[in-house]
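Heads up: the protein sequence lines correspond to chains A and B, in order. Quick note: the first sequence, position 21, residue 21 per my numbering, numbers continuous. If you want my numbering, it's the position in the second sequence, counting the first as 1, plus 110.
Note that these hints are calculated values from the structure, not bench results. Every residue gets a Cβ at the ideal spot worked out from N, C-alpha and C, and that includes glycine. Misleading hints may appear alongside valid ones.
Here are the simulated lysine-lysine pairs, DSS-like style, with alpha carbons at most 25 Å apart [stated by the list, open to error]: (1) B:715 / A:21; (2) B:809 / A:77; (3) A:68 / B:696; (4) B:770 / B:880; (5) B:770 / B:809; (6) B:770 / B:696; (7) A:21 / A:92; (8) B:584 / B:551; (9) B:770 / B:858.
Which residues of chain A face chain B? A partial, calculated answer using Cβ under 7 Å [said to hold, decoys possible]: (10) 1; (11) 5; (12) 6; (13) 25; (14) 54; (15) 57.
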Amino acid sequence: MSWIPITRAENIPLREGRAVKVGGGEIAIFNLGGKFLAVDNRCPHRGGPLADGIVSGDSVICPLHAWKICLSSGAVKRPAEEQACVRSSPVKVVDGIVFVQLTAERAEAA
Amino acid sequence: MERLVVVGNGMAGMACVEQILRHSPQFHITVFGDETHVNYNRIQLSAVLAGEKEAGEIVLNDLDWYRENEIDLRLGVRITGVDSAARTVTGDDGSVTAYDKLLLATGSSPLIPPIAGADKDGVFCFRNLNDTRALLERVRPGLNTVVIGGGLLGLEAARGLQLRGAEVTVVHLMSTLMERQLDPAGGQYLQRKIEVLGVNVLLSHTTTAILGNGRVEGIGFANGYRMETALVVIAVGIRPNVELGRAAGLAVNRGIVVNDYMETSDPSIFAVGECVEHRGVVYGLVSPLYEQGRVLAATITGNRGPRYTGSVPEARLKIMGVDVFSAGFVQDGGPELEAVRYEDPAQGIYKKLVLKDGRLAGVILIGDASDSRRYMEWLRTGADLTDKRRRLLSPDPVPDTGADVAQMPDSETVCGCNGVTKGAIISAIHEKGIRTLAQLKQSTRASTGCGSCAGVCVGLLKAVAPEFEEDKKKALCECVPFTQDNLREIVRSQKLKSVQEILDIYGNGIGCEVCKPALSYMVDMTWCGEHEEDRSARFINDRVHANIQRDGTFSVVPRIRGGVTSPAELRRIADVAQKYAVRMVKITGSQRIDLLGVAKEDLPKIWADLGMPSGQAYTKGVRMVKTCVGTEFCRFGVQDSIRTGIELERRLENLYTPHKTKMGVVGCPRNCAEATVKDIGLVGQEGSWQVVVGGAAGKTVRKSDLLIAVETSEQALEAAQLFFQYYRENANFLERTYDFVERLGIEKVRRETVYAPHAVQEALLDRLAKSKALARDAWLERDEPRHPTQFVQIQPMEAVPV
Chain A
1 MSWIPITRAE
11 NIPLREGRAV
21 KVGGGEIAIF
31 NLGGKFLAVD
41 NRCPHRGGPL
51 ADGIVSGDSV
61 ICPLHAWKIC
71 LSSGAVKRPA
81 EEQACVRSSP
91 VKVVDGIVFV
101 QLTAERAEAA
Chain B
111 MERLVVVGNG
121 MAGMACVEQI
131 LRHSPQFHIT
141 VFGDETHVNY
151 NRIQLSAVLA
161 GEKEAGEIVL
171 NDLDWYRENE
181 IDLRLGVRIT
191 GVDSAARTVT
201 GDDGSVTAYD
211 KLLLATGSSP
221 LIPPIAGADK
231 DGVFCFRNLN
241 DTRALLERVR
251 PGLNTVVIGG
261 GLLGLEAARG
271 LQLRGAEVTV
281 VHLMSTLMER
291 QLDPAGGQYL
301 QRKIEVLGVN
311 VLLSHTTTAI
321 LGNGRVEGIG
331 FANGYRMETA
341 LVVIAVGIRP
351 NVELGRAAGL
361 AVNRGIVVND
371 YMETSDPSIF
381 AVGECVEHRG
391 VVYGLVSPLY
401 EQGRVLAATI
411 TGNRGPRYTG
421 SVPEARLKIM
431 GVDVFSAGFV
441 QDGGPELEAV
451 RYEDPAQGIY
461 KKLVLKDGRL
471 AGVILIGDAS
481 DSRRYMEWLR
491 TGADLTDKRR
501 RLLSPDPVPD
511 TGADVAQMPD
521 SETVCGCNGV
531 TKGAIISAIH
541 EKGIRTLAQL
551 KQSTRASTGC
561 GSCAGVCVGL
571 LKAVAPEFEE
581 DKKKALCECV
591 PFTQDNLREI
601 VRSQKLKSVQ
611 EILDIYGNGI
621 GCEVCKPALS
631 YMVDMTWCGE
641 HEEDRSARFI
651 NDRVHANIQR
661 DGTFSVVPRI
671 RGGVTSPAEL
681 RRIADVAQKY
691 AVRMVKITGS
701 QRIDLLGVAK
711 EDLPKIWADL
721 GMPSGQAYTK
731 GVRMVKTCVG
741 TEFCRFGVQD
751 SIRTGIELER
761 RLENLYTPHK
771 TKMGVVGCPR
781 NCAEATVKDI
791 GLVGQEGSWQ
801 VVVGGAAGKT
811 VRKSDLLIAV
821 ETSEQALEAA
831 QLFFQYYREN
841 ANFLERTYDF
851 VERLGIEKVR
861 RETVYAPHAV
871 QEALLDRLAK
881 SKALARDAWL
891 ERDEPRHPTQ
901 FVQIQPMEAV
911 PV
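Construct the entire structure; sequences and hints are all you get.
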C-alpha cells in the first residue's frame, strides 16, 4: 500500500467530484466539506462517470441512470436490492495536498 | 321532533352536531353563527395568512352538508339573549327562536389588553376569517409590523405576515416565548428558530400605547422605548364567551360550568368547547372539543353514560420548518417531578420529558416533533415507564413510516384532534374503498384538525389501500418536505440565496439529485444574478454546458437561431468536427447540428473554435425556435416566420426554465415547423398571429392552447414573452408547459398574462428583462471557467513535472 499525492485540495470544489487517472484506471475524488472520499470512477451499473454526479450527503448519484453509491464504503444504495459495490480508496489531506492510498500493484501502475 | 338550537357555528358546535347526527335524527336543528361563513378550520387560519392555503380549502362543513342534514343555518346572526324560563333565544336581527334543548358553543374572543390607542386604524386581531382577510388586504412587502403576543397565535400570525414580505417584530410581555407551553430553555430554542426565519423578537416589553394620528404609526412601551410600525396585531390570548351563560342564569366561573356529562346547571342547556369550564379547567385548544362533543352527543340524545374526564393540554406550533410540540405539565417543579432532557444546540433540537411517579406528566419537543404521538399515548394512558427509562428519548429505530404504522396497535390514536384510531382508519379504508387522503379526511375526519398526523394517515393508506393515490400537492422530495409553491415563496420571502442554506434551514441539510437542481433553479430564477450560483447543486450538464452521453462523453450543439445558418458557419462546424475527430455529426429534430462523442477536456477548445454561442441543448432552458421559411421564399407564406423566429430566440436565449422550452414559428397555418406542438408557438395568419402554448410532441402528444390572437409580430413576441416569464416563475421544476397549462387551466394563464392588468404585464416583462440582462452565453466559460478544474482531467502530481 502506498499514498499517492494527487492534487491540491482546492482543485476539488466543495460537494463536487473530480476524476483522476491513476493506478491504471480512473478514481473519483469528492470534497465533502470536512473530508475527502474516493471511489473508482465507474458506476457498477453501466460504467457512468461517478465524478460527474450530484453529491447527496456521503453518497453520489450517478449522472447516467441515478444509481446511488455510498462514497465511504463504495456500496450501491439504490437500487436497494442491488448487491454491487465499487472499490473505495482511503484519502488523506496533508498540507493541502490530497493523497489517495493504493494497493502496491495499482500504485505500480500509477 | 325536539328543537335543538345551537349557538355558535364553529368547530366545537359543528363537531358536536356531527356526533349528534350519528345517534339519530331526533332533532330539528337550528344553528346560529355570527360570522357569515360556514364552519371552517380556525386553527388553519395561519396557513391562510401564510398563503399556504386558500380560504376555501379550510372549510369543514360546506352548505351542502347543512342542507343534506336538514339543518336550519342562520349565518350573520348573533344571539344576544337567552330566556331560560320561556326557552327562547333572541337574535340581533330581532328574531326569537324557541328551543327544547340549547347548545352553547360560543367559543372565545380575543383578549384586548388595556393599551391606549388599540382602536386605531391598522390594529388587528387574528381570530377569524374576517381578521385574516383584513390583514391580507393591509399587509405589503416591506411594511413594518408588530405582533403583540409571543404565544402560539402570535407567532403564527408573525410568520404569516412575514411570508407576505412584511418586516415583523414579535413583542412579548414575558421573558421567554410560549412560556405557558415551554420551559425557559425551550423558549430560547424556539426564539433562535424564529429569529433565523427573520422575525424579530422583543421580550419583556409591556406595550402601553399604540401611537399615531388615527392610523397606526408606532408603538410605545412601559420602559419608554418606542418603535415605528404601520400595522399591529394583538394576539395575547383569548377569553371565553360566557355572556349568554350568565344571561341564562347558568353557573359560570371563568367559563360556563359543565359536569362530566357536559351538562350545565340547567337541564335543557348544554355547552361545549372553549366557552366551558370543566373541573376548573378552560381549554383553548382543539382536541378537547371532539372528546367533549362525543360525550355531549350521547347525553343530549338520551344516551347519558359516557363521561368526559378532561384532556391533556396539547399545543403544536404550525410554522413550516419550526417543529414545536408541548403537552401536559412541562415546568420544572417540586421534588416529586423528574426532568429528562436531550439537547443539540447546533441542530436546534431540545426535548424534555417531565416524569411523575414513573409516568409521563409532560413533554416538550423542539426541532423534532416526530415522536409526539408516542408521548401523547403515554400521557393519555398514564403508562408506567419504569422499564422504558433507558430509552425514553430514543425509540427503537424504525426504518420508514410503513413499518412504523404496522407496529402501531389498532387502538392507538392517530388523529388526536378528532380522536380517530388506527383501527377506525383501517376499517374505513376497507369498508368504503378509500383511496386518497382527501377521501379519508371526508370519511373519518382524521387529519382535518391540526393536520400533523397526515403523514401517518398516508402511511396507513399506502400500507392498506390497494390503489392509493397521492394527493395533488406533493412535496418536492423527502429532503425538503414542502411543495414547490411553498419553497418558491420561502426563497423569496426569506431571501435565501443558496441551495445549501435552504437545505440547512428547511430540510435535512443534505439534499439529493431531485431537490438540489430544483432548488438551484428556484434560487437562480428568483435572484437572477444577485446570488452565488452553487454549481455542485446542478446536474453535470449544467456544470459543463454539454449533454452527457451514455459513455461519459458529451454532445455539443451550437445555437443556430431559427435554424438559419450560412456556408461559412457550416464550413467552420465541419472543420471543428474533423479536427476533434467528432464521432458523429447529426442533424437534430430541432433544425440544429449535434456534434457527438466529445471529451469533457475538449469542450472549451471546441466552443472557441466554433465561435458560436451555446445552443442550450443540454439544459432545462431555451432550446430553440424552429421555423419554416415563411414569406421570404414560400409561396404560401403569409407572415415572416424566419425573422420573427430569430427575434424570438434572440429575446429568450440563454435563459433557464423549469423544464426545456421548445418553440416554433410558422408563416402560415400549414404549420410546417410544427408550432402547434411546441411549448410556445407563433402561427402566422393573413394579417395576424396566433400565439399558442402548452403543446407537446414527446412522451405525450398535446395540441397547444390558444393564448391570444394579435395583429403584429411585435405583439405576438410580447405575448410569448409574457407567457414565458409566467411559466418561469410559477411552474414546478421539471414541469413542462403542457403539464403546467393543464394544471392551471388556460383561462387562468390568460388572465394572469395577456389579459392581466397593464402593471402586472409590465412587471412580468421587467423581471424577464432583468434576468435577460444578466444571462450570458454559458460557453463563454471557456475563457473564464467557474473553477480551475471545471473541464480539466486532474493529473496526479507525480506525473506533472515540477
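Status of each hint after checking the structure:
no.: 1; hint: B:715 / A:21; result: 21 Å, holds
no.: 2; hint: B:809 / A:77; result: 29 Å, violated
no.: 3; hint: A:68 / B:696; result: 32 Å, violated
no.: 4; hint: B:770 / B:880; result: 20 Å, holds
no.: 5; hint: B:770 / B:809; result: 14 Å, holds
no.: 6; hint: B:770 / B:696; result: 20 Å, holds
no.: 7; hint: A:21 / A:92; result: 18 Å, holds
no.: 8; hint: B:584 / B:551; result: 17 Å, holds
no.: 9; hint: B:770 / B:858; result: 22 Å, holds
no.: 10; hint: 1; result: 16 Å, violated
no.: 11; hint: 5; result: 4 Å, holds
no.: 12; hint: 6; result: 5 Å, holds
no.: 13; hint: 25; result: 12 Å, violated
no.: 14; hint: 54; result: 4 Å, holds
no.: 15; hint: 57; result: 4 Å, holds
Figure legend: structure checked against the earlier numbered hints; hints not met, in rising order: 2, 3, 10, 13.
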